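Novice: If you want the building blocks of each chain, they are given just below.
Number of protein chains: 2
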Amino acid sequence: MMEERLNRDRAIKKWIFEISQNIKNEQKSNLKVEQKTTPNDLVTNMDKWVEKELIERIRRGYKNDRIVGEEGFGDTVSEMHGTVWLVDPIDGTLNFVLQNENFALMIAVYEEGMPVQSYIYDVPLDRLYTAIKDIGVTCNEQPIEPPSNRSLGEGLLATNSSILTKDRYKDIRKVTRKSLGLRLIGSAGLETVEVAKGSIVAYIATNLKPWDVAPGILFMEELGLKATQFNNEPINLLDNNDIVFAVPKAHKEIMAIIN
Amino acid sequence: MMEERLNRDRAIKKWIFEISQNIKNEQKSNLKVEQKTTPNDLVTNMDKWVEKELIERIRRGYKNDRIVGEEGFGDTVSEMHGTVWLVDPIDGTLNFVLQNENFALMIAVYEEGMPVQSYIYDVPLDRLYTAIKDIGVTCNEQPIEPPSNRSLGEGLLATNSSILTKDRYKDIRKVTRKSLGLRLIGSAGLETVEVAKGSIVAYIATNLKPWDVAPGILFMEELGLKATQFNNEPINLLDNNDIVFAVPKAHKEIMAIIN
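In order, the protein sequence lines correspond to chains A and B.
Take my numbering: the last position of the first sequence gets the number 1184, and nothing is skipped along the way.
Take my numbering: the last position of the second sequence gets the number 1184, and nothing is skipped along the way.
Don't read these hints as lab results, they were simulated from the structure.
Only a predicted model underlies this, so the values are computations on that prediction, with no experimental measurement involved.
Possibly wrong hints are sitting among the right ones.
The list treats identical chains as one, so a pair stands whether inside a single copy or across any two.
Straight-line distance between alpha carbons at most 30 angstroms, and here's what the computed DSBU-like set of lysine-lysine pairs gives [claimed, not checked]:
#1 Lys938 / Lys1177
#2 Lys1177 / Lys961
#3 Lys988 / Lys1103
#4 Lys1091 / Lys939
#5 Lys1058 / Lys1095
#6 Lys1091 / Lys1177
#7 Lys1151 / Lys1091
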């Protein structure tokens, strides 16, 4: 089983490097931007191209597996039996369009509902973060050690914008006053990585899609960190989730504030 | 006069590269962290060392000039006559300590109160942003063109944490609801650079010190952007300021909301 995962690991890394070359070369020219639901929910021809390329390679190599893709080129998945891939071709599309930085290509692999491999690739900075079950977490093949178990008052906190601006999250906002400061990147994947590296003690975000959170769960598990919904329940990969990724101390404090 | 500035430009760049080598090499070992005013207002032995090294070089080369330094090794300056240097050895000390990323070394030179040279060096990413009066703005010697003049509703906004968490900024927070999303880095210098690059349309922040804002003013001027206090008055380098750095359209909208 481990051998199978390591073979798959080599395949995934090869695909990520092949496909991201094209993101780097093409991103400044011919970008077609469309609005999905709201002015800050965008999709580009590049998101679609990356997802199609990834799904084509997965189908070729792993024809019995099922795939959930942000842009809808995968399968309709209503339970997590067998091997399921979750693909986010460009996490942080708004950053991709407006900043040309701070976005990631993400892949997660689940076996019988259990996370076994996760990839978060910071394309512009050329940093590939991986988590493999029972092996650990790396950045460009260098191991990442579990971060210090700090309290909210000893660390920085990331949130999504909605928590800070929408009336309905007024109670959740209490969490933001307890930390040393706020940091917002605008990419769930890169914010996950910040928790894993210990750069922030927690990331809290509302209404994230399955492909936004799927890779993060294994990153947290492998480092002894917490990944839950706001109500402390496990994250549900078949639905949207309000999530907390955090070191245990900060997680406990956040749960006490919001529940 | 231009010749003098270009000579000074070469000297400053040489100092920045010499001194930052030591920040990169030493930062993980022997870091001594002290609290200044509050738990999120820190100073390290590295902040102090960098400021001393910079000030020593400035004094050696420019003995008639006066220097304002964050850590207090410079002069007491109560008016801006002659040539005044403003030095921030590590802008984003909290990031430096907790993240080992997202901090900058900053230098600004003023002649008779007028900004003539500005340097913001993103140490970990090795990106040196410069602004020279009448010459323009560069990143690692590559010119940066003026960003698109977008409205708040077409772009991203950066703020400091206080605006988002403190009761007294409730009215200012109205600005945050108008943008496509919030981004917080936690370094005034790097947030200035994001406005200059067009990655965000505005940066609003409260209670910034002279060395936090001094380099940004020339970056804004050279690119046709706005740098003002909240009340639309010019920034005062002899005092703390609540500031708006922004493209003109977003600046006008922000002024209408907060005044």
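Novice: Hints numbered earlier in the text: which of these fail when held up against the supplied structure?
Specialist: 1, 3, 4, 5
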